[in-house]
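Line by line, the protein sequences give chains A and B.
Sequential numbering of the first sequence, starting at 0, is according to numbering that gives the first Met the number 0.
Sequential numbering of the second sequence, starting at 0, is according to numbering that gives the first Met the number 0.
Be a bit skeptical, because a hint or two may be false.
Claimed, not checked - When the alpha-carbon atoms are kept at most 25 Å apart in a straight line, the in silico SDA-like pairs for lysine to any residue are as follows: (1) Lys139(A) / Ser84(A); (2) Lys193(A) / Ile68(B); (3) Lys161(A) / Lys99(B); (4) Lys99(B) / Leu12(A); (5) Lys131(A) / Asp69(B).
These are computed hints drawn from the structure, not numbers from a lab.
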Amino acid sequence: MSEENGASKSEKLSNPQTWVDVHGDFLFGYAILRLKDTSTAEDAVQETFLAALNARDSFRGQSGERTWLVSILKNKIIDHFRRLSREVDFHNNDIDVIDDDFIASGPRAGTWKAGQRPSEWVVDAADLAEQKEFWEYLRKCIDRMPPHIGMVFILRDIENMKNEDICNVLTVQPTNLRVILHRARKRLRRCLEKIWLNTERSER
Amino acid sequence: MKKRPGMSAKAMLMMSKAMGGFMPTCREVSQLTSREFDEKLLFRQRLGIRLHLIFCKWCRLYRNQLQFIDNFLRRYSADVEKAPIGIEISLSDETRDRFKRAIKDNSK
Chain A
0 MSEENGASKS EKLSNPQTWV DVHGDFLFGY AILRLKDTST AEDAVQETFL AALNARDSFR
60 GQSGERTWLV SILKNKIIDH FRRLSREVDF HNNDIDVIDD DFIASGPRAG TWKAGQRPSE
120 WVVDAADLAE QKEFWEYLRK CIDRMPPHIG MVFILRDIEN MKNEDICNVL TVQPTNLRVI
180 LHRARKRLRR CLEKIWLNTE RSER
Chain B
0 MKKRPGMSAK AMLMMSKAMG GFMPTCREVS QLTSREFDEK LLFRQRLGIR LHLIFCKWCR
60 LYRNQLQFID NFLRRYSADV EKAPIGIEIS LSDETRDRFK RAIKDNSK
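For reference, chain A alone in the conformation it holds in the complex (with noise of 0.2 Å):
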């Protein structure tokens, strides 16, 4: 077995047959929270291991070995949401007309409707100490929102790919991304506020 991390700081990588033992799991973590189904990550990772087989000569050791592998996964990942985006409708904006927050005409048009109101957060630092928790939530959260929102909003803010590139990956024009990743945020937002800081928790 060669280091825990496999963050070694050689340049060379371990033997590809400690690979599964030292870094299945983190992949397979990594990977699961952003393809939604347990086959589709396992694939994932399986093509990751492969590939990286493929590509060992080329490995300079600038990084960590789990940082190199974490970088083939990733390019796995958006091939994947490259391929879904074919069959995904990016324009369909039915959704948000039922889910609007905001009050639509009067005097107060375009202010917050009293049920859509955020309520303040109770969490502080010492509650990141919980941050596996988090990922569960998150992961639920983004499992809740239509594909075409799931997708650009992992690219973006859990990625953190630049919102050119995932114009290019997804072909969406950057004015349907930004309504896009605004209505994700919007989601999550209300989803964690949910499921994540009050019901669930005040029931324990």
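Take the given structure of chain A and dock chain B to it, following the hints.
Coordinates of chain B only, in the frame set by chain A:
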């Protein structure tokens, strides 16, 4: 923290007029809050948000919470070696064996 109420319709209207239409509504502030993660806003847009936030508790909450989530995600995605950004989960033994076999078969 100081408690400030949500903006009344009257205050909103007055501010909006005083700003010559610069004062954004809550809907617009929520849109701009999201945009600000991706691009630099115009001066008047930033000013509009600032003014709006003085009066509007809901938008202050909304904005703080979005920034909280963003900070969190950024902090944990910065360095994968140190901080896992993912679910804690284990591969099944079956899958593990399948991967090992695949690596072995392709190692030749």
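Each hint, compared with the structure:
| no. | hint | result |
| --- | --- | --- |
| 1 | Lys139(A) / Ser84(A) | holds (21 Å) |
| 2 | Lys193(A) / Ile68(B) | holds (15 Å) |
| 3 | Lys161(A) / Lys99(B) | violated (35 Å) |
| 4 | Lys99(B) / Leu12(A) | holds (16 Å) |
| 5 | Lys131(A) / Asp69(B) | holds (16 Å) |
The structure fails to meet hint 3 from the earlier list, while all remaining hints are met.
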